[in-house]
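Participant: Letter by letter, the chains look like this.
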Amino acid sequence: MNVQVLLDVRFQFCNNPLPVLRPAAMEVFDMVNQQDEWVGRLTGPNRDDAISELRAFLVRGLTKSMASRGGGDAFAQDIAQDAVIRILDSLDQFAGRSKFTTWAMTIATRLAISELRRRRHQDVSLDSLANGGALQIEDTTDDGNADAAKRDALSTLRQLVDETLTDKQKIAMQAMLNGLAIEEIASRLGSNRNAVYKLIHDARKKLRTGLEKAGITAETLADLFA
Amino acid sequence: MSLSKNQIAKLLQLIGTTKEDSMDCECCFDRLAEFAEAELEGRSLCEAMMAVRTHIESCPCCADEFKALLDGLRAIGNTDDC
Ligand SMILES: [Zn+2]
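Residue numbers (our numbering), protein chains in the order written: chain W, 1 to 226; chain F, 227 to 308.
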């Protein structure tokens, strides 16, 4: 990629003030060098060596990052292998805005987390979570001594859920509150991650606005249910 | 099915942390490597990177992936000679 184009893109995006012009430009030159070096090696005559190096690098990072997330050494090896294939297929998408290795690790990490999420909930259906779409907020305050303000807040929330959320939003929210990741909900709804994120985000905004209109702010809620 | 106490707490947290978010998960992913480097190096964030941060603060899934990415990058040092 042309260096001037990269510089233009960077300044257009970040609109950095003049005092940081030189360091930012230097970074871009570094990134271009990195991009050229890695992409060149991964597509050049000694590509097998570069691929092995990249795979070893990803295994090191994934072994550490997945250890506390339910993925062992063998898992890290498998994901690194898949990630290398994905990375080689996507080399033309590396825009040089970060180090190549950071970009590669980003792809590998998403693959790893997605696979862990898939395994964790592979036998869970939306119906089993949402009982056909209901998101019911019952009075779960412990006993008759529960704070009246708490009861009122929950009652308002229940009403907002019933009256303002669509069935699809209720299903998605219920699934999310049961621990399903957005992409897992999307695959079950026959949708995609962006659309489900927006569906849930819009539901959250409706509930927040409704609560605020009823005089219940996020801070009030945090205090009540701390 | 009704919500447990923990789920209600989680719902309230989701409502409380809802912000205006101009990004979606894929846009966030496209800029995540750059954002991770800015975070690790303590750089000040430009407007595009602030949008990534807002999305991560609003999206539990992207937040999980970002935390895992930082763990991985810290583990390998991610120096230029890697
Ligand atoms: Zn997201």
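Keep in mind the hints are simulated off the structure, nothing from the lab. Be aware that a few hints might be false.
[Claimed, not checked] Listed next, the in silico EDC-like pairs over lysine to aspartate or glutamate satisfying Cα-Cα at most 16 Å (straight line): (1) K236/F x E219/W; (2) K150/W x E252/F; (3) K64/W x D290/F; (4) K205/W x D247/F; (5) K245/F x E219/W; (6) K236/F x D147/W; (7) K205/W x D297/F; (8) K205/W x E252/F; (9) K245/F x D127/W; (10) K206/W x E246/F; (11) K245/F x D147/W; (12) K206/W x D147/W; (13) K168/W x E219/W; (14) K170/W x D223/W; (15) K205/W x D290/F; (16) K198/W x D250/F; (17) K64/W x D297/F; (18) K206/W x D247/F; (19) K231/F x D127/W; (20) K198/W x D297/F; (21) K150/W x E246/F.
Participant: Would you check the hint for K245/F and D147/W, treating anything up to 16 Å between C-alpha atoms as holding?
Facilitator: violated, 28 Å
Participant: Compare the distance between the alpha carbons of K231/F and D127/W with 16 Å, and conclude whether the hinted pair is satisfied.
Facilitator: violated, 21 Å
Participant: Is K64/W close enough to D290/F, meaning Cα to Cα at most 16 Å?
Facilitator: Satisfied, since the Cα-Cα distance of roughly 15 Å is no more than 16 Å.
Participant: Regarding the pair K150/W and E246/F, is the alpha-carbon distance no greater than 16 Å?
Facilitator: Roughly 27 Å separates the two Cα atoms, so the pair is violated.
Participant: K245/F and E219/W were given as a pair; does the straight-line alpha-carbon distance stay at or below 16 Å?
Facilitator: holds, 14 Å
Participant: CA of K206/W to CA of D247/F, is that 16 Å or under?
Facilitator: Holds, at about 14 Å.
Participant: CA of K198/W to CA of D250/F, is that 16 Å or under?
Facilitator: holds, 8 Å
Participant: For K205/W and D297/F, compute the direct alpha-carbon distance and say whether it is at most 16 Å.
Facilitator: Violated, at about 31 Å.
Participant: Is K170/W within 16 Å of D223/W, Cα to Cα?
Facilitator: violated, 25 Å
Participant: Given the hinted pair K205/W and D247/F, is their Cα-Cα distance within 16 Å?
Facilitator: holds, 11 Å
Participant: Hinted pair, alpha-carbon criterion (16 Å max): K236/F, D147/W. Please report holds or violated.
Facilitator: violated, 19 Å
Participant: Does the alpha-carbon distance linking K206/W and E246/F stay inside the 16 Å limit?
Facilitator: The given pair, whose Cα atoms are some 12 Å apart, holds under the 16 Å limit.
In this structure, the hints that do not hold are numbers 2, 6, 7, 8, 9, 11, 12, 13, 14, 15, 19, 20 and 21, in rising order.
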